[in-house]
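Chain by chain, the residues:
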Amino acid sequence: MLSAPDTWAIDMPPLHAELNMPYTLTPGRATGTFLAEIGTRRIVGSRFASGIVIAPAQDFSPIDGESEYEFIEAPATGVLTGFTTVDGVTIGLIRLDGCDNDFAHRILGDEEPTLDARVEAVWADGVDTSILAIEGFRIAADAPVGEVKPFGDTAAPVEVVKYKLDLQYEHAYGPYYGRMFDEIRTNRRIMGVRLPDSDSALLPPREADDISHKRTGTWKTCLDTGTIRACSIINLEFLGQTRPPPYVYAEIVLDGASTKMIHMIDIDDIESAKQRIKPGTRVRAVWREGERVGSLRDIERFEVIDE
Amino acid sequence: MANLNKGRHVGIVGVGQTHHSRRRTDVSQAGLVREAVDRALADAKLTMDDIDTVVIATGPVLFAAVNQPEKWVADAIGAQLKPIVRVTSGGGAGFAGGLAGYYQVAGGFADRTLVVAYDKLSEGALQYSISTLYDPFWGREFAVGIMGFSAAYWRARMDVLGHTEEAAARVAVKNRRNAIANPYAHVKKEVTLDEVLESKPLCWPIKLLDVPPISDGAAAIVLAAEHVAHKSCDRPAWIHGIAYCCEADNAAERSLLLSEPLALAAKHVYRAAGITNPRRQFDVVEVQEPYTCFELNYYESLGLCPPGGAAELIASGATELNGDIPVNPSGGCLGANPIGACGLIRLIEGATQVMGKSENTQIKDAKLALVQSGGGWANLRGCAVLGA
Numbered sequence: 001m002l003s004a005p006d007t008w009a010i011d012m013p014p015l016h017a018e019l020n021m022p023y024t025l026t027p028g029r030a031t032g033t034f035l036a037e038i039g040t041r042r043i044v045g046s047r048f049a050s051g052i053v054i055a056p057a058q059d060f061s062p063i064d065g066e067s068e069y070e071f072i073e074a075p076a077t078g079v080l081t082g083f084t085t086v087d088g089v090t091i092g093l094i095r096l097d098g099c100d101n102d103f104a105h106r107i108l109g110d111e112e113p114t115l116d117a118r119v120e121a122v123w124a125d126g127v128d129t130s131i132l133a134i135e136g137f138r139i140a141a142d143a144p145v146g147e148v149k150p151f152g153d154t155a156a157p158v159e160v161v162k163y164k165l166d167l168q169y170e171h172a173y174g175p176y177y178g179r180m181f182d183e184i185r186t187n188r189r190i191m192g193v194r195l196p197d198s199d200s201a202l203l204p205p206r207e208a209d210d211i212s213h214k215r216t217g218t219w220k221t222c223l224d225t226g227t228i229r230a231c232s233i234i235n236l237e238f239l240g241q242t243r244p245p246p247y248v249y250a251e252i253v254l255d256g257a258s259t260k261m262i263h264m265i266d267i268d269d270i271e272s273a274k275q276r277i278k279p280g281t282r283v284r285a286v287w288r289e290g291e292r293v294g295s296l297r298d299i300e301r302f303e304v305i306d307e
Numbered sequence: 308m309a310n311l312n313k314g315r316h317v318g319i320v321g322v323g324q325t326h327h328s329r330r331r332t333d334v335s336q337a338g339l340v341r342e343a344v345d346r347a348l349a350d351a352k353l354t355m356d357d358i359d360t361v362v363i364a365t366g367p368v369l370f371a372a373v374n375q376p377e378k379w380v381a382d383a384i385g386a387q388l389k390p391i392v393r394v395t396s397g398g399g400a401g402f403a404g405g406l407a408g409y410y411q412v413a414g415g416f417a418d419r420t421l422v423v424a425y426d427k428l429s430e431g432a433l434q435y436s437i438s439t440l441y442d443p444f445w446g447r448e449f450a451v452g453i454m455g456f457s458a459a460y461w462r463a464r465m466d467v468l469g470h471t472e473e474a475a476a477r478v479a480v481k482n483r484r485n486a487i488a489n490p491y492a493h494v495k496k497e498v499t500l501d502e503v504l505e506s507k508p509l510c511w512p513i514k515l516l517d518v519p520p521i522s523d524g525a526a527a528i529v530l531a532a533e534h535v536a537h538k539s540c541d542r543p544a545w546i547h548g549i550a551y552c553c554e555a556d557n558a559a560e561r562s563l564l565l566s567e568p569l570a571l572a573a574k575h576v577y578r579a580a581g582i583t584n585p586r587r588q589f590d591v592v593e594v595q596e597p598y599t600c601f602e603l604n605y606y607e608s609l610g611l612c613p614p615g616g617a618a619e620l621i622a623s624g625a626t627e628l629n630g631d632i633p634v635n636p637s638g639g640c641l642g643a644n645p646i647g648a649c650g651l652i653r654l655i656e657g658a659t660q661v662m663g664k665s666e667n668t669q670i671k672d673a674k675l676a677l678v679q680s681g682g683g684w685a686n687l688r689g690c691a692v693l694g695a
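If you read the sequences in order, they're chains A and B.
Residue numbers for the first sequence follow the numbering used here, beginning at 1 and rising by one.
Residue numbers for the second sequence follow the numbering used here, beginning at 308 and rising by one.
Be a bit skeptical, because a hint or two may be false.
Said to hold, decoys possible - Quick list of in silico lysine-lysine cross-link-like pairs, DSSO-like style, CA-CA up to 27 Å:
1. B:LYS313 <-> B:LYS538
2. B:LYS674 <-> A:LYS274
3. B:LYS352 <-> B:LYS671
4. B:LYS664 <-> B:LYS674
5. B:LYS538 <-> B:LYS496
6. B:LYS389 <-> B:LYS538
7. A:LYS162 <-> B:LYS671
8. B:LYS664 <-> A:LYS164
9. B:LYS507 <-> A:LYS278
10. B:LYS496 <-> B:LYS664
11. B:LYS664 <-> B:LYS352
Just so you know, the hints here were simulated from the structure itself, not pulled from any lab data.
Next up, chain A with everything else stripped away, as it sits in the complex (with noise of 0.2 Å):
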C-alpha cells in the first residue's frame, strides 16, 4: 500500500537544544600559581633553563617543551605586537618588558592603538584568581621599561578552576525525521520507511538501509505497541537525567518495525520490576496529554500490557 503523506517537513523549525556543562579544570603548577599570586597584583612568569621567559607563566615551554623552570615576576609594563578592533574593543597580543611570548589582553582607553606601543596594565578591583585580575592594558607612551625579577616564595598553586560551557543548537530535521515527527506531534502516529524488498520499516526513517546501503520504500505506519528487546533499571541520579530513579530504560520493537526505540518505563520498585519488565515483554506508549512539541518527549513513557 502506498500512503501519500499528509504533513509535511517543511512545516517543522529546527529543534532546539542545549546542553549545559560544569567543568573543574586544573591549571597545573605554574597557571595555578600565576592564578594564585594575581590577585596582589604580580604577573608570575616562568624562566626556563634555556633562558627564554614566558608571562603569564607556563609548564612547558612553548618554544620547544621544555620543562625546567624557575619563576619570575614579570612586570606590568610592555610593547603591543598585534591588535584587532571590532565594534569599539581591541584585542591586543602584549609582550611584556624582559619575556619572549605574547598573549592576548584587552586593550582599554581611547588612544588609537599602534603596533609597538608602549602598554601598562590596569589592575582591576576585587578580581582574584583570574586573568581579568587585569582588566586590561592602557598605551602609555612614557612607561618605563620594566624588568624581570626573580620571584620569592609563590603562594600555592590554585588547583581547580570551575568553568562551564552553555552550548546551543538548532538541529535541522530534514525530510524523514521531519515528516516523522511531525506525524508524531501532529497525528500521533509513528512512521517509518519500508526497507527495501520488505514490509518491515526502519524507524527512525532514512534515505538508504545501513547494511545494503539500497533506498528505501515507502512509508508505513507502525503501531504504538511493540516488545521490549532490551532494557536496563536505571537506580543511579545524574547531571541532565530527565525523571527520577528508579526507572526502566527500554530499547522498544515497535510492531510494524525492525529497528529499537529507546523510552522509558515507570516503576514502583527494583525487585518486582525484575520479574515484570524483560526482553520479550509486550508495552504501549502512553501519549502525553495537552500540547505536543514533535519530539519522542510526545509519548510520556511506555507501560507493560498485561495479557
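Chain A is already provided as a structure; the job is to place chain B on it using the hints.
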C-alpha cells in the same frame, strides 16, 4: 577489509603511563600527557628529536572542555612543528590512536611514531558528556551514558547466552584482585563474589562493583619500523595484526548480543597473525572492560570460547593469572579507567607481557598476546595480536 599482511613490520619499542588516580589536581591535562610521554621516550631510549610523527588520542571534547587539545598537548610535549594528527573514537580512542600510528609506520611514512592517549575525567560531567553521542532527536533525552544501554543488552544476553550476574561478578573479583599488583592502578581492593552481587544496583543488572572507577590518566607508546627498532630495545612487541571495526547498531534485525565488529576484527587479525586456535595459542589477553559484563562478551566474540560459553570459562578459572589463558593480569579498567587512554593502556599491558617486562604479574614465557579495545555496547571495537 584491506590485506593486513601488507606493509612494513611495526614494533612497540617503548611504553609509559601515569600513575592513574581519581583526580590529579597537581597537573593540567597537558602536564598529565607530558608525564606519560617522558616515560615512553625514556623507555625507548629516545628524545623527541628522534620522533617523526605524533598521534594524540583523547575522548570527546566535552569530557574536559578543551577544543583541539592537540595544540595544547603538542606545546607541552615539545612536538612543535612535527606532523601531528588527533584521533578521537569514544572508548576505543587510545586503541584507534595506536592503529593510526601503526598505519604511518607500516606504510613507510614514518620510522618512529609517538602515540599518546589521555583523558582527565575528573574535570567534567562524564555520563552527561557520553549521552551526547546519542542522536539528539532519537534517544538522547533518555540516554544514561552508555551504562543504561550496556546493562540492557547484558540483561538480554542473560536469557540467550547465560551471562549471569554471578559470571560477571567473577570478572570483578578476578580483575580487582589482579589490579592490586599493578603499580599504575588506583583501585586496589579485593572484593568477594557476594560483595559484588550485593553491591548497589546502578543500572541493574550492572551494580556498583561491576563498574570501573573514573580516572585521570595518560599513556604513550613509541612505534618503530624494523630497521630502527633495535636502537630502542632488544625485544620489541611486534604487531602481527591490528584492526578496528564499526557496529551497525541502528540497522534492521540486529540482536547486538555478540559483538559483530569485534568478531570481524578478530577474524581479520587472526588471519594476518596465523591464529587458528586463540584459546591455545595466546599466552595472555588484555581486554577493555568498561563493565564486567563486557569481558564475558569478549571471550565469545574473540573466540576464546563458543557463544554461550563465557560463564563456564570464567568459572573454570582458566582466565585467572594461573589459568591457561589469563585475561587482564593488569586488572583491566577495574583498576584504572581514564577512558581515552584505556585502549593504549591495554596495548601497553599486552606489549610489556611479551617483552618480558610487565610491571604487573608477568605471565611466564608469554610470547603472544591478544589485546582488545572499544567503546560502549554497540560502538567501534577492535583487537590486535602482539608477539615477541
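Results for each hint:
no. : hint                  : in the structure
1   : B:LYS313 <-> B:LYS538 : 24 Å, holds
2   : B:LYS674 <-> A:LYS274 : 45 Å, violated
3   : B:LYS352 <-> B:LYS671 : 26 Å, holds
4   : B:LYS664 <-> B:LYS674 : 12 Å, holds
5   : B:LYS538 <-> B:LYS496 : 39 Å, violated
6   : B:LYS389 <-> B:LYS538 : 21 Å, holds
7   : A:LYS162 <-> B:LYS671 : 48 Å, violated
8   : B:LYS664 <-> A:LYS164 : 43 Å, violated
9   : B:LYS507 <-> A:LYS278 : 20 Å, holds
10  : B:LYS496 <-> B:LYS664 : 24 Å, holds
11  : B:LYS664 <-> B:LYS352 : 15 Å, holds
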